[in-house]
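A.B. asks: Spelled out from the first residue to the last, the chains are:
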Amino acid sequence: MFITYLRRELSHRKRQATFIALGLALGVGLVITVTAATDGVRNAQTAVLHALYGVGTDLTVTQPPAQGSGGPIPFGFRQEIKRARSGEIAAGTKISINDLANNQYGTLNASSLSTVASRPGVTAVAGGLALSDDTVTGTIPSVSLKNGGGSISSDFSTAEFTVDGVDLARHTLGPLSSARVTAGRLLTAADARSDDALIDAGYAAQHQLGPGDRIDVGGTAFTIRGIVSVPQGGHPPDVYIPLARAEAIGKTGPAALTGKVNTIYVSAASAADIPAVQREISTALPKATVTDSSDLASEVTGSLSSAASLAGRLGSWLSVAVLAAAFGLACLLTLAAVTRRVREFGTLKALGWRNGRITGQVVGESLAVGLLGGAAGAVLGYAGAALIDAMAPKLSATASPPGPSAVTGQALSSRAQSLAKSLSSAPHTVTVTLAAPVTAQLILLAAALALAGGLLAGGFGGWRAARLRPAAALARAD
Amino acid sequence: MYELTSVTKEYRTGHGTVTALRGVDLVISDGEWLAIQGPTGHGKSTLLQLLGGLDRPTAGTVDFAGQRLSSMRESAVTQVRARSIGFIFQSFNLIPTLSAAENVETALVPLGVRAAERRARAGQSLAAVGLGGRLRHLPAELSGGEQQRVAIARALVKRPAVVLADEPTGNLDEDTRDEIIGLLESLWRDHGLTMVLVTHDSAVAARAQRTGLLRDGRLTVRQPVPQPPG
Numbered sequence: 001m002f003i004t005y006l007r008r009e010l011s012h013r014k015r016q017a018t019f020i021a022l023g024l025a026l027g028v029g030l031v032i033t034v035t036a037a038t039d040g041v042r043n044a045q046t047a048v049l050h051a052l053y054g055v056g057t058d059l060t061v062t063q064p065p066a067q068g069s070g071g072p073i074p075f076g077f078r079q080e081i082k083r084a085r086s087g088e089i090a091a092g093t094k095i096s097i098n099d100l101a102n103n104q105y106g107t108l109n110a111s112s113l114s115t116v117a118s119r120p121g122v123t124a125v126a127g128g129l130a131l132s133d134d135t136v137t138g139t140i141p142s143v144s145l146k147n148g149g150g151s152i153s154s155d156f157s158t159a160e161f162t163v164d165g166v167d168l169a170r171h172t173l174g175p176l177s178s179a180r181v182t183a184g185r186l187l188t189a190a191d192a193r194s195d196d197a198l199i200d201a202g203y204a205a206q207h208q209l210g211p212g213d214r215i216d217v218g219g220t221a222f223t224i225r226g227i228v229s230v231p232q233g234g235h236p237p238d239v240y241i242p243l244a245r246a247e248a249i250g251k252t253g254p255a256a257l258t259g260k261v262n263t264i265y266v267s268a269a270s271a272a273d274i275p276a277v278q279r280e281i282s283t284a285l286p287k288a289t290v291t292d293s294s295d296l297a298s299e300v301t302g303s304l305s306s307a308a309s310l311a312g313r314l315g316s317w318l319s320v321a322v323l324a325a326a327f328g329l330a331c332l333l334t335l336a337a338v339t340r341r342v343r344e345f346g347t348l349k350a351l352g353w354r355n356g357r358i359t360g361q362v363v364g365e366s367l368a369v370g371l372l373g374g375a376a377g378a379v380l381g382y383a384g385a386a387l388i389d390a391m392a393p394k395l396s397a398t399a400s401p402p403g404p405s406a407v408t409g410q411a412l413s414s415r416a417q418s419l420a421k422s423l424s425s426a427p428h429t430v431t432v433t434l435a436a437p438v439t440a441q442l443i444l445l446a447a448a449l450a451l452a453g454g455l456l457a458g459g460f461g462g463w464r465a466a467r468l469r470p471a472a473a474l475a476r477a478d
Numbered sequence: 001m002y003e004l005t006s007v008t009k010e011y012r013t014g015h016g017t018v019t020a021l022r023g024v025d026l027v028i029s030d031g032e033w034l035a036i037q038g039p040t041g042h043g044k045s046t047l048l049q050l051l052g053g054l055d056r057p058t059a060g061t062v063d064f065a066g067q068r069l070s071s072m073r074e075s076a077v078t079q080v081r082a083r084s085i086g087f088i089f090q091s092f093n094l095i096p097t098l099s100a101a102e103n104v105e106t107a108l109v110p111l112g113v114r115a116a117e118r119r120a121r122a123g124q125s126l127a128a129v130g131l132g133g134r135l136r137h138l139p140a141e142l143s144g145g146e147q148q149r150v151a152i153a154r155a156l157v158k159r160p161a162v163v164l165a166d167e168p169t170g171n172l173d174e175d176t177r178d179e180i181i182g183l184l185e186s187l188w189r190d191h192g193l194t195m196v197l198v199t200h201d202s203a204v205a206a207r208a209q210r211t212g213l214l215r216d217g218r219l220t221v222r223q224p225v226p227q228p229p230g
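Taken in order, these protein sequences are the chains called A and B. Note that the working numbering gives residue 232 to position 232 of the first sequence, counting from 1, and the numbers run on in steps of one. Note that the working numbering gives residue 189 to position 189 of the second sequence, counting from 1, and the numbers run on in steps of one.
It should be emphasised that the hints constitute simulated quantities derived from the structure, not laboratory data. Just so we're clear, the structure is a prediction, and the values are computed from it rather than from any experiment. We put the beta carbon where it would ideally sit given N, CA and C, even for glycine. Among the clues, some could well be false.
[Stated by the list, open to error] Output of the computed footprint for chain A on chain B, the stretches with three or more beta carbons under 8 Å from beta carbons of chain A: (1) 52-62; (2) 65-79; (3) 98-107.
[Said to hold, decoys possible] Computed footprint of chain B on chain A; a stretch qualifies when at least three of its residues, placed anywhere within it, have a C-beta under 8 Å from a C-beta of chain B: (4) 4-16; (5) 342-348; (6) 459-471.
Modelling step: build the complete structure from the supplied sequences, incorporating the hints.
C.D. replies: Written out as structure tokens, the structure reads:
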């Protein structure tokens, strides 16, 4: 009888049932579309951050450079200038200086890797050396340098490319983690001590390099084994070489980098562990700067950031508002239907139907409408998400190191340096395509929302029906 | 079957208190057919509602089959209605979306009768009122007289002890009225029912064993004057 009565009532009130279901469908569909779009924006953000930060890397550990170390002028060149000033090198002498230098960071002993690895919540660590290959060529000018006056840097030409020494045994962490091979092959652990290199696709195109060609890094000829591309256009180093070779060739000032790294890539057990791991590492390495991808995310601006903000705020509020309106509409229409059926419920009470059974009937009808609305909402939401997929709007994310006004104290200064590693020193814009993935959880959410709407409306309607005094209901009917 | 003692029923309205029944005393025996007459708004339907446990008196008591109906818990009154009391209304009060048979079945739902038995009993009950061929018809597809027959079948399908009929012929033409009253009379006799019938129609009231007149909430019960045959 329950099902028969329910079916007959709904088919009798087709227009009203359809209206309520459509209202719920609109709300549910909007929730699905907005949630899918928000997920899409989040995925896009993740893709951008992965491109800039490295897939699988949750934290990076760096250390500010020591006072007076490094700088924009290569150490070797500074030495040559000293010699020129002291007269050891005569004017007119042609020089060509090439350094693979650690200009950006302080160095960390390799033992820091095991220190970090032993922290609770850390699942993997990998060391890296972010270096710069600087070449200065030119002729010593015929000016008096003995008294130390004047600048001679304008008489020389410089060339620079960035080089990352990567731990090939753990390349799932760090700069190679998000790289895709476009030609040749990746380096493997077997290449750890060889003079083999990978180069970035952009750098390769610019310099017309390919697998099998050779490239000079810090005065050593490396054979290019593969061309790699970072997805979504992250700003990768120009050249990747084995970490052991970077240690052997690279220098911090005059000092060799043997047994040193300047970046430690850390993977945490779960996203929830990241803050605790970050605190643990900061405690264990007090001079180090520990950054996570959220530090970078906060520096991301552009339409992706705007879309994230829009989806997170306006989208959510719009969904809630439409859903609340749909719920309110469903409640009002159900109450109106109950009011119209006062005589019917009065009769059923006269026949001995308990309040619970009458309430159950109203709730059942409302739930059925809710389910129809949920199903229609899922279709609408799926269509909305498909529309977003079809339109594939492009979102840009601009990440730049914090400006001077934003840099206060060591932490931010270090963060700026950390960012600079990924971004060089210039703002970097990444374009991503927005997709709106509809997941099984979203469909379940739709069903739950629709049922909640039905339950709410049915609950109100049933409560109203249950409160009716049979005599009053019948009197009204007559 | 029923014993009403000093029953008063007042309604509070926006304009004050309206007294529908004033100190009504009434005894209705098992198997009796009592007709209640009176002008509109003088308490006939109120009396029927108190007899059916659809409302409670403001003062006085209503006893039904030895139980104090007027002070029972609502759930117990609901059970009494479900088991022992059949209602027939002036406007038939059929569920418009359910077929004739399904409407009759609604009276068996609160008794927990299984679906197959419900269908069988509904069919028998409709056949007993001459609607065996109209089981699947919706109320809108039936005439007024047929709808009232469905309502009678619904009232009787649970084999109640009492039938309370509120103007059962009020919306029917004269021929149909006679058919329905004839049907009720034969069912009353065949099933040994106690029947209380509210009507404006003296011709209908004349068929009852006793007649009560409600005027200004006061009930006067009298024996009917026998009508000459023909």
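A.B. asks: All the hints need checking, so say for each whether the structure fits it.
C.D. replies: Verification of the hints:
Given a C-beta distance limit of less than 8 Å, the hint that chain A covers the region 52-62 of chain B holds, as 3 residues qualify and 3 suffice. For the region 65-79 of chain B, the stated coverage by chain A holds: 3 residues have a C-beta nearer than 8 Å to a C-beta of that chain, and at least 3 were required. Check on the region 98-107 of chain B: 5 of its residues sit with their Cβ under 8 Å from a Cβ of chain A, so the three-residue criterion for coverage holds. With a threshold of 8 Å between beta carbons, the proposed coverage of the region 4-16 of chain A by chain B holds, since 6 of its residues qualify and at least three are required.
Check result for the region 342-348 of chain A against chain B: holds, 5 residues qualifying (beta carbon to beta carbon below 8 Å, three or more required). Here's how the region 459-471 of chain A fares: 3 of its residues keep a CB closer than 8 Å to some CB of chain B, so the rule of at least three is met and the hint holds.
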